[in-house]
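A.B. asks: Single-letter residue listing:
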Amino acid sequence: MCRVIQILFNTLIYGSEIAIIAVGVALSYSILRFANFAHVQFAVVGAYTAFSLHQYAGAPIALAAVLAALLTGLFAVLVDWLVFARLRNITPEGKMIVSWGVALFIRSIVAAMFGGSARVFDVSSDTLSIGGAFFTLQDVIVVAATALAMLALHALLYRTLAGTALRALASNRDLAETRGIPAARMIGLMWFICGTTAALGGTLFALQTRLQPNMDLVMLLPVFSAVTIGGLDRVFGAALGAVVLSLAQNLLISVDFGTLFSGESWSVPTQFRDFIAVGAMVLILLLRPRRIAARAAG
Amino acid sequence: MKLGFSVLAAVCAMVAFSALSPGAVRADEPPVSVGVIANLTGSDPKSSVDMVHGVEMAADALNAAGGVKGRKIALIVEDSEYRPQAGIEAATKLFDVNKVDAAIVFGGSSVSIPIAELAAPKGKILMNTSASSAKLGNYGGTLFSTLPLDDIVGQQVGFYAASKGAKTAAFIVPNNTFGTGLMESAAKAFEEKGGKVLRKIAYTEGQPDYRADLQALVALKPDAIISAGYGDDTRTAFKAARELGIDAPWYVGYPSIFSVENDAWMNGKLSGVDNGGLDSPMGQKLKAAAVAKYSAEPRPHFYYGYDAMMLLGLAMQKAGTGVAAIKAALPDVAKSYDGATGKIEWDARGQRINPPMDKFMFKDGKLQAIAN
Amino acid sequence: MTDFIIFSVTTIAIWSVLGISLHLQFGLTGLVNFGQVLPFAVGAYGAGFAAVHGLPIWAGALIGCGLAPLIGVLVILPAGRLTQDYWALVTLGAGEIFRLAMLNISGIAGGVEGASVVRLGDRTLAMVLALVLLTGTALFAFRMDRSPLGRLLRVLREDETLAATLGRNPLRFQLVVTAVSWVMAGLAGVLYAHVTGYVSPSSFMVIETFVIWTAVVLGGPNTIAGVVLGTAVVQLTGVSTRFIAQWSHLPSELVANLRLAAFGAVLVLVFLFRPQGVIPEPKRRYNADSR
Amino acid sequence: MTALALSGVVAGYGAITVLNGVSLQVGDGEVLAVLGANGSGKSTVLKTAIGLTRMTAGRIDFAGQDISTLPAHRRAALGMGYVPQTRNVFGELSVADNLRMGGYLRRDALGPDLDRVFTLFPRLRERKRELAGNLSGGERRMLAIGQTLLLRPKLLLLDEPSSDLSPVMVGLVFDAIRRIRAETGIPVLLVEQNVTMALSLADRVCVLVRGREALDVAASALEMADLQALFMDGGVR
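Residue numbers (the numbering used here), protein chains in the order written: chain A, 14 to 311; chain B, 169 to 540; chain C, 7 to 297; chain D, 3 to 239.
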C-alpha cells in the first residue's frame, strides 16, 4: 500500500515539474502554431535569474522566484520581438528550426556567463512521511506552487477578458482581429505568460536538483512528450499529459513484473525512463493521428 | 555583478599570462606546445575544467622553473563538446596544425577512444586523465593514464564493503562507462567475498530526481549501497535516498568527486576508496595553490591533470622533444616523480599498477582519510 | 596541415551526404525530418554490430544500409496522416528511441561502452571514399531533381491538394524518396564508423540533426551545391573558432561557448535576412501536363 | 455622404492578386450588394475592407478617414462589423464567450445588447454554454451576426449569409438582417451568391468580374439579362 502511495507522490512531484513548463509550449503552439524548442530555455534563464537574485542580491527565494518569473516573461517578449515576430509568415517547420537556433544561442550565452558547472540553491529540506511514503517539504512547495500557478493560469485564460481573447486568438486568428482583438499585443501577453510559467518551472526544477546551462536537454523530451500526449495546442491537456507521463514512468520502473509473472524479481531498468517518455510521445502520435490532424487543420 | 567581475578577472589573467609567455621566449626559441582536449561545453564540464586548471598549474610551475630546456611550455586547449566528432576535430588540429607531440585528454570513453584511435597511428602521445574504460588498454605505448582504471578502484570498493560486514548490497551508478564499469568490477569483488547483489541501478545522468530509481531499495533493505558518480548526480541520489528513508551506509569509488547533500545525514555514512596521495604533503600544497589561484577547492581531476602535465614536462626535460624520446622517457621520469596522486607506475598497456588507494570517510562536514 | 585538410574534407563530405539526404526529403518533398541522425546512426551501428559479432565489414555495411531504408519506411508511414510539425516530432522521437536503445541494450553493439570497428588507416583513402560517396549521392540527387519524378515532387511540395488532384498519391513518392535518401545517410554512417574506428551512442545525439539542418538551411535547402556549401561553412566555422580561440587568448571555455552561440545566431540570422539560403533555388516553370 | 469607399484597390493573398483595381462606395444607410461568379473576388472585397488581405494599391476610406494601412483590429475599433462566410465563430469557445469577444472593444456593460441578440436569435440563449464548434451551420451564422452586433458597428460587412444553409434557415437569417436594418438603419456591404435574396435587401448592386467592378447600378434598375451575361461569360457589356 505504501508503495502505491509513494508512486502516486513521485508521479505528482515529477509531473508538476514538467507540467508547468509544458503548458507554455502548448499555449504558444495554440496561437502561433509551431512547437517552440526554445521554450525550455526560458526555464533555464528563469532559474539562473532566480539563482542570481537569491545568491548575489540576497533576495529571499520566494521573492527571487517571482521576480525572475516576471523578468523572464519580459525576456520572452524580447525574444519574440527580435526573432519570432519577424518570422510570423514562414512555415511551422521553419519556425521550429529557428527556435532551435534561438535555443542553442541562449544556452551558449548562459553557459558563457555562468560557466558550464552546476550550481545549487542553498536550501535543505526535511523528510515528511505519510502512510509510509516519503516526501520533503520542498516537494510540497513544488506541487503547491505548480497547482497555484495552474489555477492562476486557468483563471487568467477562462475568467478574464484578456485570457478569453487569447483563447479566441488561438481558435481563429482572423476572426479575433476583426473583433478588435489586437493580435500583436495579445501575442506579447502570450509570450509573457510562457516566459513566466517556464521560469517558475525552471526555478522549481533547479530548487529540486541543480542549475546547469544544459538542463534544457534534460527537460526537453519529457516536456514535449507531455505536450504531445495532451494534444499540442491544449494548455491544460499538456499539464494532464505531464502527470500521465510521470505516472507511466514511475509505474513502469517501480512495478516488479518478475514477481507478477514468474516469481523471479525483475523490473524495467530505471535507465529506460527517457525511453518511456519518448516512446509514449511517438506512440501517441501514431495511435491518435486523426484527431491531431483534424484539429491542426481546423 | 560578482560574476561579471570574475569573468573579467579571468580574461585579464589570461591576457596577462599570454602577454608574459612570448616575452620570456623572445630571446631564443619558440615555446613547446602541449595540447589539452577537454569538454569545456556539453554535459557537466566541471571536472573537465578542473583538469585543465591542473594542467595550467603544472605548466606554470614548469615554466617558472625555466621551462623545457630553456623553452617555455605553451598550452593549446581545445573543446570536445563531449561529442566524438568535435573531439576528433580538436585532436586532428592539435596533432596536425599545431604539431604537438602530446595531448592531455579529458573525456568519457566515447570521446577518448576515437581520439586514441587517431593518435596511435600518428605515433602521438596521449595522457588520459579521466576515461577508465578497459578498452583504453589497447593503446599501450601511446596512451598513458594518470587515472587508475575502474577495475582497480571498483575491486577495492567491493572488498571494502564486504570487509565492513555487508552481506547484501545495492548498486547505484550513472549509466555511463565509468559508472557501469566500476559497478561490474565492484560487484564481482563483492560476490567473491560472499556478498549478495540485490539490485543494480544505472541512472540516466542529469535527472531532476532519482526517487523513482531508488524506490525499490526501500523494500530490499540492503546492508550497503555501493556507488560511484560525478558530483551533482550523486548529490541528487543522496537526496533521494535520504528522502526515502534508506539508511544503509554508502561505499563508493572516488568519494572525493561526490557532492554531499546533507552534511548531518551523511556524517559517517559515506566512505570509500579513492586515489592515494591527495592527502600527501604534495597534494595539500597543490590544493592550497589551487584555492589561491581559482578560489575553489579542486576536485581530483585537477591532480590527474597536474600529474599528466608534470610527467610530460619532466620527460621532455630529460629526453628533449620528439615523440619517441618522450615516450621512452615517460616511465623513467615517473619512477622518481612524487605525484600529486601518489607514485605512478605503468604497465605495458599504459595503465597504472599498484596505485596507492586510500580510504576516506565523510565526517564533520568533510572527507577525512581513515586507516585501512 | 595536410592531415587536417584531409580530415576537414572527409568530414565535410560525409556531412554533405547527410545534407543531401535531408535535401531530398525537405527540399524536394517538403518532409521535415528532425531525426536525420537516425539513418546515419543505423548505418554506423550496422558496422558496430558486425564488429562486435565478428561479421565481415561488408556484412555490417549491408546491415546498416539495408536497415536504414526499412526503418525509414516505418517512420514515413504516419506522415500521410500527420501534419508536418507532428511528423517532425515523430522523427525526432524515433532518432532518440534508437539512440536510447543502443545505449541501454548492450548486446547489440556495446551499449554504453560503444563498439570498436575496423578503422581505415589510410586517411587519404578515407577522404577519397567520402568524396566518391558524396559525388555519387550528389549526381543521384541531381538526376532525381531533374527527373519527371523530381518535378512532380516539387509540385507536391508546393501544393498537396493540387498534387492529389493530379491523381498521384503523395505518400508513395515520399516513401520512395525517403528510402533512397536514407540509404545515402546509412552509407554515410557506415563510412563514418570506419573513419572513426568507434561507434557510441553519444555520436548520435539530437544535436547532430540540427548541425545538419543548420548547414542545409544556411546553404539553401533546395539546391545540392547549396547543401555542400552550407556544410562546408558550418564545419569551417567550427574549425575557425578553434583558431580564433588560440589567437585571441580568451579563456577557451568562453570561446567554446561563444562558438556554439555563433551556430545558433547563424541559423536565426539566415532565416531573418536570407531565408532562401546562400544559393537560392533557381526559378523554374513547371507545366503540370508535361509529366 | 459615403460610409465606405474603395478606390482602385489592388489586393490579394501572398503572391496572388485577386482584386485588380476595385472601386465602390457604400452610402450612409444603404445596402450595397456585391454579386459575381465564383472566383470573381467578392469575398476578397470584404476581407480587404476589414484588412485581412495584402493590399498593394488603392485606398480605403471609412467614417471619413483613410484606413488603408490600419490593421484589422483598428478598423473594427472604428466600427466595421465583419461577418465571415466560413470559420465565422471561435469553435473552442462557448457561445457566451464568443459573444463576449464580440464586445471585446467595449468598456460598458454588454447586458442590454446581449438581450437584443437573444431576442433576435432565441436559439443562442438556449445554447449559451455550448462550445461554438458544436453548433449547426445556421446557429453559427446567427452567432457570428450576434457577435458582430455587440461591437455596435457603424457598417456591416456580410459575406454570403445564405451559403450552405437550408431555405428555412436562410429565411431566418435574412429576417434578422432586415430587423437589424429596420432598427438601426446601418449601412451594409453584402456579398451574395443568392441573387434573389440579395436583391430583396439591396438598394444598389455591384457586379464583380475578374477582380474588377463591371456594373454598378441601383437594385431597381438592374436588368437580369445584363446580370446573366456577366455571370456567364464574365464579359463587360
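Bear in mind the hints are in silico, worked out from the structure with no lab data behind them. All C-beta atoms, glycine included, are put in the ideal place defined by N, C-alpha and C. Heads up, some of the hints might be wrong.
[As the list claims (entries may be wrong)] For the chain A half of the interface with chain C, some residues (derived, Cβ under 8 Å), not all of them:
{"hint": "1", "residue": "17"}
{"hint": "2", "residue": "105"}
{"hint": "3", "residue": "106"}
{"hint": "4", "residue": "121"}
{"hint": "5", "residue": "124"}
{"hint": "6", "residue": "125"}
{"hint": "7", "residue": "241"}
{"hint": "8", "residue": "269"}
{"hint": "9", "residue": "281"}
{"hint": "10", "residue": "282"}
{"hint": "11", "residue": "284"}
{"hint": "12", "residue": "295"}
{"hint": "13", "residue": "298"}
[What the hints assert, rightly or not] The following label-pair restraints were derived from C-beta to C-beta distances:
{"hint": "14", "chain 1": "A", "residue 1": "87", "chain 2": "D", "residue 2": "132", "range": "34 to 42 Å"}
{"hint": "15", "chain 1": "A", "residue 1": "102", "chain 2": "C", "residue 2": "61", "range": "46 to 54 Å"}
{"hint": "16", "chain 1": "D", "residue 1": "88", "chain 2": "A", "residue 2": "73", "range": "25 to 33 Å"}
{"hint": "17", "chain 1": "A", "residue 1": "164", "chain 2": "C", "residue 2": "255", "range": "29 to 37 Å"}
{"hint": "18", "chain 1": "C", "residue 1": "255", "chain 2": "A", "residue 2": "168", "range": "36 to 44 Å"}
{"hint": "19", "chain 1": "B", "residue 1": "432", "chain 2": "D", "residue 2": "131", "range": "50 to 58 Å"}
{"hint": "20", "chain 1": "B", "residue 1": "238", "chain 2": "C", "residue 2": "243", "range": "23 to 31 Å"}
{"hint": "21", "chain 1": "D", "residue 1": "195", "chain 2": "A", "residue 2": "300", "range": "40 to 48 Å"}
{"hint": "22", "chain 1": "A", "residue 1": "87", "chain 2": "B", "residue 2": "485", "range": "21 to 29 Å"}
{"hint": "23", "chain 1": "A", "residue 1": "150", "chain 2": "D", "residue 2": "131", "range": "40 to 48 Å"}
{"hint": "24", "chain 1": "D", "residue 1": "186", "chain 2": "A", "residue 2": "99", "range": "51 to 59 Å"}
A.B. asks: Each of the hints needs a verdict: does it hold here or not?
C.D. replies: A quick look at each hint next to the structure:
Interface restraint check: residue 17 of chain A against chain C, minimum CB-CB distance 27 Å, threshold 8 Å, status violated. A cut of 8 Å between beta carbons decides the hint on residue 105 of chain A: the least distance to chain C is about 5 Å, and the hint holds. The criterion of a C-beta within 8 Å of any C-beta in chain C is met by residue 106 of chain A, whose closest approach is roughly 4 Å, and the hint holds. Against a cut-off of 8 Å between C-beta atoms, the interface hint on residue 121 of chain A holds, since the closest Cβ of chain C lies about 4 Å away.
A least Cβ separation of about 4 Å between residue 124 of chain A and chain C falls short of the 8 Å threshold, and the interface hint therefore holds. Nearest Cβ of chain C to the Cβ of residue 125 of chain A: about 4 Å, under the 8 Å cut. The hint holds. Because the smallest distance between the Cβ of residue 241 of chain A and any Cβ of chain C comes to about 6 Å, under 8 Å, the interface hint for this residue holds. Hint status for residue 269 of chain A relative to chain C: violated, with the closest Cβ pair at about 19 Å, above 8 Å.
Because the smallest distance between the Cβ of residue 281 of chain A and any Cβ of chain C comes to about 10 Å, over 8 Å, the interface hint for this residue is violated. Annotation: interface hint on residue 282 of chain A holds; nearest CB of chain C at approximately 7 Å, less than 8 Å. Annotation: interface hint on residue 284 of chain A holds; nearest CB of chain C at approximately 5 Å, less than 8 Å. Residue-level restraint check for residue 295 of chain A holds (minimum Cβ-Cβ distance to chain C is 4 Å; threshold 8 Å).
Interface hint at residue 298 of chain A: satisfied, since its Cβ lies 5 Å from the closest Cβ of chain C, which is below the 8 Å cut-off. Separated by about 38 Å at the C-beta atoms, residue 87 of chain A and residue 132 of chain D satisfy the suggested range of 34 to 42 Å. Taking 46 to 54 Å as the suggested C-beta distance range, the pair residue 102 of chain A and residue 61 of chain C conforms, at roughly 52 Å. Taking 25 to 33 Å as the suggested C-beta distance range, the pair residue 88 of chain D and residue 73 of chain A does not conform, at roughly 54 Å.
Checking the proposed 29 to 37 Å range against residue 164 of chain A and residue 255 of chain C shows it is violated: the Cβ atoms sit about 53 Å from each other. A beta carbon spacing of about 55 Å between residue 255 of chain C and residue 168 of chain A contradicts the range 36 to 44 Å that was offered as a hint. At roughly 57 Å, the beta-carbon separation of residue 432 of chain B and residue 131 of chain D lies within the given 50 to 58 Å, and the hint holds. Separated by about 38 Å at the C-beta atoms, residue 238 of chain B and residue 243 of chain C break the suggested range of 23 to 31 Å.
Between residue 195 of chain D and residue 300 of chain A the beta carbon distance is about 42 Å. The supplied range of 40 to 48 Å therefore holds. Checked against the hint of 21 to 29 Å, the pair residue 87 of chain A and residue 485 of chain B fails, with Cβ atoms roughly 57 Å apart. Under the hint 40 to 48 Å, the C-beta atoms of residue 150 of chain A and residue 131 of chain D, about 41 Å apart, fit the expected range. Distance hint check: the CB atoms of residue 186 of chain D and residue 99 of chain A are about 42 Å apart, inconsistent with the given range 51 to 59 Å.
Hint compliance for this structure: hints 1, 8, 9, 16, 17, 18, 20, 22, 24 are broken, all remaining hints hold.
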